[in-house]
Amino acid sequence: MDRTRPLTLLLAGALALGGLAALSPAAQAADSELARNGGFEAGLDGWSCTAGSGTVVPSPVHGGTKALQATPAGSDNAKCSQTITVKPNSTYALSGWVRGSYVYLGVTGTGTTDGYTWTQSAPDWQKLSTTFTTGANTTSVTVYTHGWYGTPAYQADDLSLFGPGGAPVEIPATPTGLAAGSPTSSSVPLTWPAVAGATSYKIYRGGTAVGTATGTSYTATGLTPNTAYSFQISAVNSAGESARSTAVSATTTSGGGGGGGELPARALVGYLHASFANGSGYTRMADVPDSWDVINLAFGEPTSVTSGDIRFKLCPVAECPNVESEADFKTAIKAKQAAGKKVLISIGGQNGQVQLATTAARDTFVSSVSKIIDDYGLDGLDIDFEGHSLSLQTGDTDFRSPTSPVIVNLIQAVKTLKAKYGAKFVLTMAPETFFVQLGYQYYGSGPWGGQDPRAGAYLPVIHALRDDLTLLHVQDYNSGSIMGLDNQYHSMGGADFHIAMTDMLLTGFPVAGNTERFFPGLRPDQVAIGLPASTQAGNGHTSPTEVNKALDCLTKKQNCGTYQTHGTWSSLRGLMTWSINWDRFNQWEFSRNFDAYNWS
1 MDRTRPLTLL LAGALALGGL AALSPAAQAA DSELARNGGF EAGLDGWSCT AGSGTVVPSP
61 VHGGTKALQA TPAGSDNAKC SQTITVKPNS TYALSGWVRG SYVYLGVTGT GTTDGYTWTQ
121 SAPDWQKLST TFTTGANTTS VTVYTHGWYG TPAYQADDLS LFGPGGAPVE IPATPTGLAA
181 GSPTSSSVPL TWPAVAGATS YKIYRGGTAV GTATGTSYTA TGLTPNTAYS FQISAVNSAG
241 ESARSTAVSA TTTSGGGGGG GELPARALVG YLHASFANGS GYTRMADVPD SWDVINLAFG
301 EPTSVTSGDI RFKLCPVAEC PNVESEADFK TAIKAKQAAG KKVLISIGGQ NGQVQLATTA
361 ARDTFVSSVS KIIDDYGLDG LDIDFEGHSL SLQTGDTDFR SPTSPVIVNL IQAVKTLKAK
421 YGAKFVLTMA PETFFVQLGY QYYGSGPWGG QDPRAGAYLP VIHALRDDLT LLHVQDYNSG
481 SIMGLDNQYH SMGGADFHIA MTDMLLTGFP VAGNTERFFP GLRPDQVAIG LPASTQAGNG
541 HTSPTEVNKA LDCLTKKQNC GTYQTHGTWS SLRGLMTWSI NWDRFNQWEF SRNFDAYNWS
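Under the working numbering, the first residue of the sequence shown carries the number 1, and numbering increases by one thereafter.
What the hints contain is simulated information worked out from the structure, not anything from laboratory work. Here a beta-carbon is modelled for each residue, glycine too, at the ideal position from N, C-alpha and C. You may find that some hints are simply not true.
What the hints assert, rightly or not - Below, simulated DSSO-like cross-link-like pairs (lysine-lysine); rule was C-alpha separation at most 27 Å, straight line:
1. K371 <-> K330
2. K127 <-> K202
3. K313 <-> K334
4. K66 <-> K127
5. K79 <-> K127
6. K334 <-> K424
7. K420 <-> K341
8. K415 <-> K371
9. K371 <-> K313
10. K313 <-> K330
11. K341 <-> K371
12. K336 <-> K313
13. K341 <-> K202
14. K202 <-> K336
15. K334 <-> K371
16. K418 <-> K371
17. K334 <-> K418
18. K336 <-> K371
19. K313 <-> K420
20. K202 <-> K79
21. K202 <-> K330
22. K87 <-> K66
23. K371 <-> K424
24. K202 <-> K313
25. K415 <-> K341
26. K330 <-> K341
27. K418 <-> K336
28. K420 <-> K371
29. K334 <-> K202
30. K418 <-> K330
31. K313 <-> K341
32. K341 <-> K424
33. K415 <-> K334
34. K371 <-> K202
35. K424 <-> K330
36. K420 <-> K336
Claimed, not checked - Label pairs and their calculated CB-CB ranges:
37. Q558 <-> K371: 27 to 35 Å
38. K556 <-> A423: 25 to 33 Å
39. T55 <-> A196: 30 to 38 Å
40. T253 <-> Q393: 52 to 60 Å
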């Protein structure tokens, strides 16, 4: 990220704070140390760090035996803060010791001029200090320390706020007005009015604490379809926790995933190179083994990037000498369907860029895809938009209410197709990790601009269509390293990558580290793991042994390695591969391993 503009502003801010560096009046006898656990000897007690970025380490330390260490990630700057009671019209001295690059110490909520100080580089412990005066009505302030985007971990220790103490903090009042929004099949959104003096809220489901929120909203995820739930919240600050609110009830929708109930409990999904050979050789539809439960025809492609006009034709004889006739192809599709298989048209792929930037393109997309489905008697649609098909415009920052035309028009187009074909319409998606799991760190162009606007761009599509979605099988291949919910980077090729990436889909995650914008997890029966069938099929090929380890961990909590999942997902739907052709080229190693795996 280009730091030029942010650092220029920060330098100006630092100069503007020069007046704060002047010596304050001599401390009076009533002044005292107000920061709680400023040396972090009691862990993070009293402190709140964003996105789980902070921890306590035994080394390096400035004083005592422990210090704070916090790691910026994505759009999160690893801010750790504490709210402290103060007196109005009073002067305070804030100080602390830090190590690292671009480390900040500051205060907000003063009622006058909020201040901060920072260091560009502190290879060893460096003291930061500033002073401030509270306003006539100020009774509390928030002190904080944080790093900067894209920099390594920083350390802080012996943080101090010295000045006259305020009135004792009181436990907040019991929250009122808790309301449940429109549920999905696996989540319920909750909102409530703010409670004076509360620094956070604790959420209860059925009497059991299930989460916390610093704002006035929370989405309960991982719920069971068509089930009633009861929720309460309490308000929390440094003095303690309030009584719980009056309970509200909500019932999740039945969901079902657009025909997903007709798939077997364990499904194998594969792409069939029907319009090209791609070095693996052509495989006739009639020759696809019975192992494959969902067959995605690759690919329907647009006449131009922005036309929305999707066309599909069988591989030409010059490229595929053994290609069957159109009539035989359609007959073989009917035979597969009679055997309980689903055959879909997959739109996009690496070369099929589709940008529905206008409503005209949206409507053309609907009519042209419908024609393909009707002509071949298909069961539904697979969305495999890659490259620059989906991106977020500047200012489109909330996946729950997207504004970018290519996103909005795609959602509307798919909903129209779903309404046209009804409950048995099968909808699957095959995004790359860049468009989904990367959204944990980055979303669109980011708060400062300059990020890739495609980052996380599939999230609004998945979220808007989650109750119509049969299967999501993210491509766990051709991917860079991606940060998991453990805030560690994971790389392709082994069980660890698939465990971490799949756990994110099933658990949900705050988008770009913003806990107020939480992407709810999907149902396990809506998720399959996407892998290449052979080393020739794509980067990130995973051996059958490692594939089985991933399935063991996710479905049985066995063979998990170092990553700890947030649940045991026994109803995980199955696996997807690129591709059926490459699996045949590799003597059916992928599908045979799937057939032999013991799911029980």
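So, going through the hints one by one against the coordinates:
1. K371 <-> K330: Roughly 14 Å separates the two Cα atoms, so the pair holds.
2. K127 <-> K202: violated, 35 Å
3. K313 <-> K334: Holds, because 18 Å separates the two Cα atoms, which is no more than 27 Å.
4. K66 <-> K127: holds, 17 Å
5. K79 <-> K127: Roughly 18 Å separates the two Cα atoms, so the pair holds.
6. K334 <-> K424: Holds. K334 to K424 sits at ~16 Å (cutoff 27 Å).
7. K420 <-> K341: Holds, at roughly 21 Å.
8. K415 <-> K371: holds, 16 Å
9. K371 <-> K313: Cα-Cα ~12 Å, so holds.
10. K313 <-> K330: Roughly 12 Å between the alpha carbons, so the hint for K313 and K330 holds.
11. K341 <-> K371: Holds: K341 and K371 sit about 21 Å apart, inside 27 Å.
12. K336 <-> K313: holds, 19 Å
13. K341 <-> K202: violated, 46 Å
14. K202 <-> K336: violated, 51 Å
15. K334 <-> K371: holds, 17 Å
16. K418 <-> K371: holds, 14 Å
17. K334 <-> K418: Roughly 21 Å between the alpha carbons, so the hint for K334 and K418 holds.
18. K336 <-> K371: holds, 20 Å
19. K313 <-> K420: Holds, because 23 Å separates the two Cα atoms, which is no more than 27 Å.
20. K202 <-> K79: Distance ~21 Å between K202 and K79 Cα, so the pair holds.
21. K202 <-> K330: violated, 57 Å
22. K87 <-> K66: Not OK: K87 and K66 at ~30 Å, beyond 27 Å, violated.
23. K371 <-> K424: holds, 17 Å
24. K202 <-> K313: Outside the cut-off at roughly 56 Å; violated.
25. K415 <-> K341: The hint holds at about 23 Å.
26. K330 <-> K341: This hinted pair holds, its Cα atoms lying about 14 Å apart.
27. K418 <-> K336: Since the Cα atoms of K418 and K336 sit roughly 22 Å apart, the hinted pair holds (cutoff 27 Å).
28. K420 <-> K371: Since the Cα atoms of K420 and K371 sit roughly 12 Å apart, the hinted pair holds (cutoff 27 Å).
29. K334 <-> K202: violated, 54 Å
30. K418 <-> K330: holds, 22 Å
31. K313 <-> K341: holds, 21 Å
32. K341 <-> K424: Between K341 and K424 the Cα gap is close to 13 Å, so the pair holds against 27 Å.
33. K415 <-> K334: holds, 25 Å
34. K371 <-> K202: violated, 51 Å
35. K424 <-> K330: The given pair, whose Cα atoms are some 20 Å apart, holds under the 27 Å limit.
36. K420 <-> K336: holds, 23 Å
37. Q558 <-> K371: 27 to 35 Å: violated, 47 Å
38. K556 <-> A423: 25 to 33 Å: Given a distance of about 32 Å, which is inside 25 to 33 Å, the answer is holds.
39. T55 <-> A196: 30 to 38 Å: holds, 31 Å
40. T253 <-> Q393: 52 to 60 Å: violated, 30 Å
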